[in-house]
Amino acid sequence: MDSLTTFFEMGGYAAFVWSGYGLTAVAMIGLLVGSLRTLRAREKEFAAVRRNRPTGDAQ
Amino acid sequence: MHRFANPTAFMRIANAIFPWAAGLATVLFVIGLPVALVTSPPDYQQGDSVRLFYVHVPSAWISMLVYGSLALSSAAFLIWRHPMASVSARAIAPVGAIFTALALVTGALWGRPMWGAYWVWDARLTSELLLLFIYLGYIAIADAFEDPERGDKAAAVLGVVGSVNLPIIHFSVEWWNTLHQPSIIKMDGFTVDGSILLPLFLMLGAFTCYAVAIWILRLRSELLAVKLRNARMSEVNLASAAAE
Chain G
1 MDSLTTFFEM GGYAAFVWSG YGLTAVAMIG LLVGSLRTLR AREKEFAAVR
51 RNRPTGDAQ
Chain L
1 MHRFANPTAF MRIANAIFPW AAGLATVLFV IGLPVALVTS PPDYQQGDSV
51 RLFYVHVPSA WISMLVYGSL ALSSAAFLIW RHPMASVSAR AIAPVGAIFT
101 ALALVTGALW GRPMWGAYWV WDARLTSELL LLFIYLGYIA IADAFEDPER
151 GDKAAAVLGV VGSVNLPIIH FSVEWWNTLH QPSIIKMDGF TVDGSILLPL
201 FLMLGAFTCY AVAIWILRLR SELLAVKLRN ARMSEVNLAS AAAE
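Chains as they are written, first to last, in the numbering used here: chain G, 1 to 59; chain L, 1 to 244.
Since the hints were derived computationally from the structure, they do not count as laboratory data. Predicted model only: the values in this text are computed from it and were never measured. Warning: the hint list may mix true and false statements.
As the list claims (entries may be wrong) - Chain L residues, not near chain G, derived (Cβ > 10 Å throughout): (1) Phe10; (2) Leu52; (3) Asp122; (4) Ala144; (5) Arg150; (6) Gly151; (7) Trp176.
As the list claims (entries may be wrong) - One side only, chain G facing chain L, incomplete, derived with CB under 7 Å: (8) Phe16; (9) Trp18; (10) Ser19; (11) Leu23; (12) Thr24; (13) Val26; (14) Thr38; (15) Leu39; (16) Arg42; (17) Ala47; (18) Val49.
C-beta: ideal position from N, C-alpha, C; glycine also.
Starting from the given sequences, assemble the full structure and let the hints guide the process.
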């Protein structure tokens, strides 16, 4: 428990160290999630365009 | 090199690299984070604030590595009109911008306790801030035209011109008197203790593999965007042909 407290205190630099690591984590996870979401959305859109293609051509 | 201008050949290689990059990034973070945050010793002068080093240096490294690839892609686009070159540059630009911002923010958070200031108009900090503006300019210009190919061309010119900033960032700590510390990796070895190098290299590896994996995901997105645009255009052409 004591060592855990020491760990979180970061020798008095807790505010700087944890906000630095926190912001880095948020940015990297956010970039990953955002990139995956865009990819999924475009894959769906592209699949829809492909499905509509035959009927579109027939008209 | 021209072989990679073909999107199919390019993506075959990229897709083969993807699981390795993603897997290696995960493994390196799982090992690297505990080493960086727990097992590596605090610095004798800087105490535990030195742990910011292990996210600050990799972020700065990625910001420059990405810019290097963006500048090369831009040059390849302008010289050979390789379609993959602009797709690649568009995919990577936001990644570079985010890591440049992270390098600046983690640097500020480290500078406050060590230098007594979040920000100083030091050559290294100022040239890195300029890099952020170049990235943002690149992204803005690439999307500023109705015809995406005109955007590609204009952005590629900025991408190439902006590369003069890379050596300025790198050598800023030698050319000017800066508050920022000089490079710790020299041609003839390192200027820091081994206990700092292990977490540093683990995190450098993790960030690099992460950036490669994200780049490949975004490449797929950008290629789909091109395909969607082409599909819509051929639909419009078909419709107008049917109307005649």
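For each hint, the structure was consulted:
1. Under the 10 Å C-beta cut-off, the non-interface status given to Phe10/L relative to chain G holds; the minimum distance is some 17 Å.
2. Remark: the non-interface label on Leu52/L conflicts with the geometry, its nearest Cβ contact in chain G lying 5 Å away (cut-off 10 Å).
3. Every beta carbon of chain G lies more than 10 Å from that of Asp122/L, the smallest distance being close to 19 Å; the non-interface claim holds.
4. Listed as outside the interface, Ala144/L is consistent with that label: its C-beta sits roughly 20 Å from the nearest C-beta of chain G, beyond the 10 Å cut-off.
5. Taking the minimum C-beta to C-beta distance to chain G, about 22 Å, the non-interface status of Arg150/L holds against the 10 Å cut.
6. Distance check on Gly151/L: its Cβ is at least 18 Å (rounded) from any Cβ of chain G, clearing the 10 Å threshold; non-interface status holds.
7. With a closest Cβ-Cβ approach of about 26 Å to chain G, Trp176/L is found to remain outside the 10 Å limit, as its non-interface label requires.
8. With its C-beta approaching chain L no nearer than about 5 Å, Phe16/G sits inside the 7 Å limit, and its interface hint holds.
9. Interface restraint check: Trp18/G against chain L, minimum CB-CB distance 9 Å, threshold 7 Å, status violated.
10. Nearest Cβ of chain L to the Cβ of Ser19/G: about 6 Å, under the 7 Å cut. The hint holds.
11. This hint holds: Leu23/G has a C-beta 6 Å from the nearest C-beta of chain L, less than the 7 Å allowed.
12. Below 7 Å, beta-carbon pairs count as interface contacts, and Thr24/G has one with chain L at about 5 Å; its hint therefore holds.
13. With a least beta-carbon distance of about 10 Å to chain L, the hint placing Val26/G at the interface is violated under the 7 Å criterion.
14. Taken as an interface hint, Thr38/G checks out: its beta carbon lies about 5 Å from the nearest beta carbon of chain L, inside 7 Å.
15. With a least beta-carbon distance of about 5 Å to chain L, the hint placing Leu39/G at the interface is held under the 7 Å criterion.
16. A least Cβ separation of about 4 Å between Arg42/G and chain L falls short of the 7 Å threshold, and the interface hint therefore holds.
17. Violation of the interface hint for Ala47/G is found here, the shortest Cβ-Cβ separation to chain L being roughly 10 Å, above the 7 Å cut-off.
18. The interface hint given for Val49/G is met, as the beta carbon of that residue sits about 5 Å from the closest beta carbon of chain L, less than 7 Å.
The earlier numbered hints that this structure contradicts are 2, 9, 13 and 17.
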